[in-house]
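S.K.: Residue numbers (our numbering), protein chains in the order written: chain A, 1 to 263; chain B, 1 to 263; chain C, 1 to 263; chain D, 1 to 263.
Treat the hints with care, as some may be off.
[Unchecked claim] Just so you have them, the derived chain D footprint on chain B, three or more residues with Cβ under 8 Å: (1) 105–116; (2) 137–144; (3) 154–167; (4) 196–207.
[As the list claims (entries may be wrong)] Have a look at the derived ranges for each label pair, beta carbon to beta carbon: (5) A:Glu-99 to D:Arg-25: 47 to 55 Å; (6) D:Asp-188 to C:Arg-48: 52 to 60 Å; (7) D:Asn-151 to C:Pro-250: 54 to 62 Å; (8) B:Thr-94 to D:Asn-151: 54 to 62 Å.
None of these hints come from the bench; they were simulated from the model. A quick note: this is a predicted structure, and the numbers were derived from the prediction, not measured. Cβ coordinates follow ideal geometry from the N, Cα and C atoms, glycine included.
Number of protein chains: 4
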Amino acid sequence: MSPASASTPSAARPTRVAVLGAAGRMGAAACRAVEDADDLELVARIGRGDDLTAVADAGAEVAIDLTVPSATADNVAWLIDHGIHAVVGTTGWTEESLEGLRERLAGAEGVGVGVLIAPNFAIGAVLAMRFAEVAARYYDSAEIIEMHHENKLDAPSGTARHTAAAIARGRAAAGLGPVPDATEKDPDGARGAVVDGIHVHAVRQRGLVAHEVVQFGGVGEQFVLRHDSFDRISFMPGVLLGVREVASHPGLTVGLDGFMDLG
Amino acid sequence: MSPASASTPSAARPTRVAVLGAAGRMGAAACRAVEDADDLELVARIGRGDDLTAVADAGAEVAIDLTVPSATADNVAWLIDHGIHAVVGTTGWTEESLEGLRERLAGAEGVGVGVLIAPNFAIGAVLAMRFAEVAARYYDSAEIIEMHHENKLDAPSGTARHTAAAIARGRAAAGLGPVPDATEKDPDGARGAVVDGIHVHAVRQRGLVAHEVVQFGGVGEQFVLRHDSFDRISFMPGVLLGVREVASHPGLTVGLDGFMDLG
Amino acid sequence: MSPASASTPSAARPTRVAVLGAAGRMGAAACRAVEDADDLELVARIGRGDDLTAVADAGAEVAIDLTVPSATADNVAWLIDHGIHAVVGTTGWTEESLEGLRERLAGAEGVGVGVLIAPNFAIGAVLAMRFAEVAARYYDSAEIIEMHHENKLDAPSGTARHTAAAIARGRAAAGLGPVPDATEKDPDGARGAVVDGIHVHAVRQRGLVAHEVVQFGGVGEQFVLRHDSFDRISFMPGVLLGVREVASHPGLTVGLDGFMDLG
Amino acid sequence: MSPASASTPSAARPTRVAVLGAAGRMGAAACRAVEDADDLELVARIGRGDDLTAVADAGAEVAIDLTVPSATADNVAWLIDHGIHAVVGTTGWTEESLEGLRERLAGAEGVGVGVLIAPNFAIGAVLAMRFAEVAARYYDSAEIIEMHHENKLDAPSGTARHTAAAIARGRAAAGLGPVPDATEKDPDGARGAVVDGIHVHAVRQRGLVAHEVVQFGGVGEQFVLRHDSFDRISFMPGVLLGVREVASHPGLTVGLDGFMDLG
Numbered sequence: 001m002s003p004a005s006a007s008t009p010s011a012a013r014p015t016r017v018a019v020l021g022a023a024g025r026m027g028a029a030a031c032r033a034v035e036d037a038d039d040l041e042l043v044a045r046i047g048r049g050d051d052l053t054a055v056a057d058a059g060a061e062v063a064i065d066l067t068v069p070s071a072t073a074d075n076v077a078w079l080i081d082h083g084i085h086a087v088v089g090t091t092g093w094t095e096e097s098l099e100g101l102r103e104r105l106a107g108a109e110g111v112g113v114g115v116l117i118a119p120n121f122a123i124g125a126v127l128a129m130r131f132a133e134v135a136a137r138y139y140d141s142a143e144i145i146e147m148h149h150e151n152k153l154d155a156p157s158g159t160a161r162h163t164a165a166a167i168a169r170g171r172a173a174a175g176l177g178p179v180p181d182a183t184e185k186d187p188d189g190a191r192g193a194v195v196d197g198i199h200v201h202a203v204r205q206r207g208l209v210a211h212e213v214v215q216f217g218g219v220g221e222q223f224v225l226r227h228d229s230f231d232r233i234s235f236m237p238g239v240l241l242g243v244r245e246v247a248s249h250p251g252l253t254v255g256l257d258g259f260m261d262l263g
Numbered sequence: 001m002s003p004a005s006a007s008t009p010s011a012a013r014p015t016r017v018a019v020l021g022a023a024g025r026m027g028a029a030a031c032r033a034v035e036d037a038d039d040l041e042l043v044a045r046i047g048r049g050d051d052l053t054a055v056a057d058a059g060a061e062v063a064i065d066l067t068v069p070s071a072t073a074d075n076v077a078w079l080i081d082h083g084i085h086a087v088v089g090t091t092g093w094t095e096e097s098l099e100g101l102r103e104r105l106a107g108a109e110g111v112g113v114g115v116l117i118a119p120n121f122a123i124g125a126v127l128a129m130r131f132a133e134v135a136a137r138y139y140d141s142a143e144i145i146e147m148h149h150e151n152k153l154d155a156p157s158g159t160a161r162h163t164a165a166a167i168a169r170g171r172a173a174a175g176l177g178p179v180p181d182a183t184e185k186d187p188d189g190a191r192g193a194v195v196d197g198i199h200v201h202a203v204r205q206r207g208l209v210a211h212e213v214v215q216f217g218g219v220g221e222q223f224v225l226r227h228d229s230f231d232r233i234s235f236m237p238g239v240l241l242g243v244r245e246v247a248s249h250p251g252l253t254v255g256l257d258g259f260m261d262l263g
Numbered sequence: 001m002s003p004a005s006a007s008t009p010s011a012a013r014p015t016r017v018a019v020l021g022a023a024g025r026m027g028a029a030a031c032r033a034v035e036d037a038d039d040l041e042l043v044a045r046i047g048r049g050d051d052l053t054a055v056a057d058a059g060a061e062v063a064i065d066l067t068v069p070s071a072t073a074d075n076v077a078w079l080i081d082h083g084i085h086a087v088v089g090t091t092g093w094t095e096e097s098l099e100g101l102r103e104r105l106a107g108a109e110g111v112g113v114g115v116l117i118a119p120n121f122a123i124g125a126v127l128a129m130r131f132a133e134v135a136a137r138y139y140d141s142a143e144i145i146e147m148h149h150e151n152k153l154d155a156p157s158g159t160a161r162h163t164a165a166a167i168a169r170g171r172a173a174a175g176l177g178p179v180p181d182a183t184e185k186d187p188d189g190a191r192g193a194v195v196d197g198i199h200v201h202a203v204r205q206r207g208l209v210a211h212e213v214v215q216f217g218g219v220g221e222q223f224v225l226r227h228d229s230f231d232r233i234s235f236m237p238g239v240l241l242g243v244r245e246v247a248s249h250p251g252l253t254v255g256l257d258g259f260m261d262l263g
Numbered sequence: 001m002s003p004a005s006a007s008t009p010s011a012a013r014p015t016r017v018a019v020l021g022a023a024g025r026m027g028a029a030a031c032r033a034v035e036d037a038d039d040l041e042l043v044a045r046i047g048r049g050d051d052l053t054a055v056a057d058a059g060a061e062v063a064i065d066l067t068v069p070s071a072t073a074d075n076v077a078w079l080i081d082h083g084i085h086a087v088v089g090t091t092g093w094t095e096e097s098l099e100g101l102r103e104r105l106a107g108a109e110g111v112g113v114g115v116l117i118a119p120n121f122a123i124g125a126v127l128a129m130r131f132a133e134v135a136a137r138y139y140d141s142a143e144i145i146e147m148h149h150e151n152k153l154d155a156p157s158g159t160a161r162h163t164a165a166a167i168a169r170g171r172a173a174a175g176l177g178p179v180p181d182a183t184e185k186d187p188d189g190a191r192g193a194v195v196d197g198i199h200v201h202a203v204r205q206r207g208l209v210a211h212e213v214v215q216f217g218g219v220g221e222q223f224v225l226r227h228d229s230f231d232r233i234s235f236m237p238g239v240l241l242g243v244r245e246v247a248s249h250p251g252l253t254v255g256l257d258g259f260m261d262l263g
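One chain only, chain A, in its complex shape (with noise of 0.2 Å):
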């Protein structure tokens, strides 16, 4: 934040922001990304085994929960019930515990508090997703190429097979049947896997971090959308708009696109 700004009494003030996993690699991530921000300022810095009234007594507004299945719930819990706005980016939750999230919300701690619960905070797979949903009712064919690292474990990609949802329900919209495919022998499985009738090929390849490309094709035609992650640090400008937007959005929101004008 520069001086100049700092010194101006009004809307100027940065909020202030804690990271809670602050020690694992996304969360040291986004202490560098909310400490570069002009707007926004680090008060506390959460690892494993502190105590989160250090959260309450730095005055944060917001907190980013950036840890581990087991604790994000009850982090998430505490900041509700101390009035701190939450981005969360800790995978695990079930319909179950955010129907927890909801009744909190809904209570009398929770009144006026945002909680954004973003399973993937890259805003260009967040827009190809949705991208996806829309282009899918105009087009009879649609495939996904997802491509990784050689040290990937799990094929295809959780952000695949979300997208392979959205084209579902895109063609199911427009009334759309099965996509065209004439295949009568394919003894060795080239044509991937099927999600939800899309077909989803993975590539694992060194060099390469985490990229998406999802193809429609119509008669005399092709539309391709592509997302590419050349490094973690994309994730950041997802978690600055999560923090930036959160106050402005009380109670539970799912997936970062809440916060995004897709219209």
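Use these hints to put chains B, C and D onto chain A, whose structure you have.
M.R.: Chains B, C and D in isolation, oriented as in the chain A frame:
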């Protein structure tokens, strides 16, 4: 199909369609597309010099105008006066001639008549433009590469110019300034054209038809939209979409996106 | 061929060409391509059931065989016996039938006759295969994505299988082991087919024709080869290259690359 | 490893390597790469102002020069005089200074010493350039799109210029004339730079590093070469290839391709 016709016992009665400019390449393709569609019936093919009376005599409900800039305004005026919906792909419309259309549609004869003026019937190009405007809000960098066959006379393409304008609108809405670019030395103009602040590159290559790539960049990531037209037949789904929707959109619509569900 | 060059007595005399299988789609395209070439003259179109004598009677120097597997071996034997060079695109040749060809070419009639058997006339596919073998030596990872129209019956394509074999040869020559791949969980087969140790993915999409992408990866980098056939006319430059070169390559050549300068 | 060393009982003895310019970013990366290679041993790190004597004292067999244009010529002369092979990535060499090197290598001290001057250690860029020259012979159209981070000062890149020259050589060898291009109207320069007759486009985009796309087009088809450098670590395989091969290539070699098997 309009609610009115849906209520008839034989809901399957096809919509009666006339094609103006039926002898041209686009017109001939449109005739074939209408003939191939189960829910449409081709009732008149009008060529240069043919009397428009045949359109009304044939009982056409919708007319597709794929004629020439010098004829299209008179054609559409005649269609409105005869209560026939119009789907127009002919270029050459000005703000003034569009205003004339609006007035005629607001008049006695025009009530309930729908007119679609679509400079681009490629659904993929329309999607690319809309998605580009949305994505532009979230990325620091944006550039366009359009690629066409070697016989194209002008560069860049009109679609690329429109896409640049859409990106500029998206950036302005998000309060983004100029794209970052440290270029100091570019003696031969490799950075291409600048349209509305966006760099646009035009490739001319034998074997290609009409292609557009829009690239967005942020720290550690890239987002890409690509549309490939391999054949002019790719315009036909857009033409048919217009024919099917125009009756339920009385008044003037400019741009195929007005009939699409892009939310 | 232009009248002017036809009147010169010297090298400008066009080569006399016959097309066998002239009524098929590939054959008809070959006839047009020969007619359009200044240095070639189409002297015979042979269809199913026509007598091959017409080829000799017309004074053909080179014959293009684009017939069917059951006919091609007899056709080529006849051409050799009549001292006519052959360019063969028909599939179905076995090691045994090729060996028979070699013997006949080594006999009295075969001296000086050139025969090219080319399973793939797409110059780009030949380039991609050769370059893939070379590049494979220098990268840890290699994968193939082939993409075709939705009516293709088999997966993966023959070209993709040949390319996988070429990559495997390149890796073996460089002493490379298996491609790195940590996948532990792939319940739906998203990793695709494995051909000669190389993962191959097959996309089927309306609007596409025949496309191949070969991706190589190393630490911090990627190298990609891509070939797109938008139209079967793209095979014609390869056919004409064969016709022009076959007379100067006596004996049997298998693969168009034998006539190309790929050094 | 050279045949001589291969004959020693402990063939596994690693080659002793010094790095000049070890404190720079490329130099530091080279030190790490040498340390990580089982067949190499880092025996000296030389920074600005350090005495080169340490290189000889440490028994280095090969030295990697990643210093600055003003120092590299003297460094290499010294290395030759001490019988130490040199792998040089520093730019700034002129025809004149290269000629001086050749003379020194032909002299008494230079016998058997190998020097590699490599303006580009990215194996993928070297492959792209070589393949581009070969492919250029077979296609009517050729264009280059290079893409870099937004902080690059010059356009187009040196690699793109060299690639354009390679394409021009390939086209000349095949007797091809100018690329087909009907452009009549390009008021804003969208067709980009023309280098050796080839159109070159430069994209500048945040999040990218260094990328080159070479597109070839013929009737009905496209052939594409693409190289992506995501990280400067991608130069290291090329540096190590140079270190491993330089002893078996006495005399001067300009360009990493001189050590590669590109046949």
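S.K.: So which hints don't hold here, by number, going up?
M.R.: 1, 8
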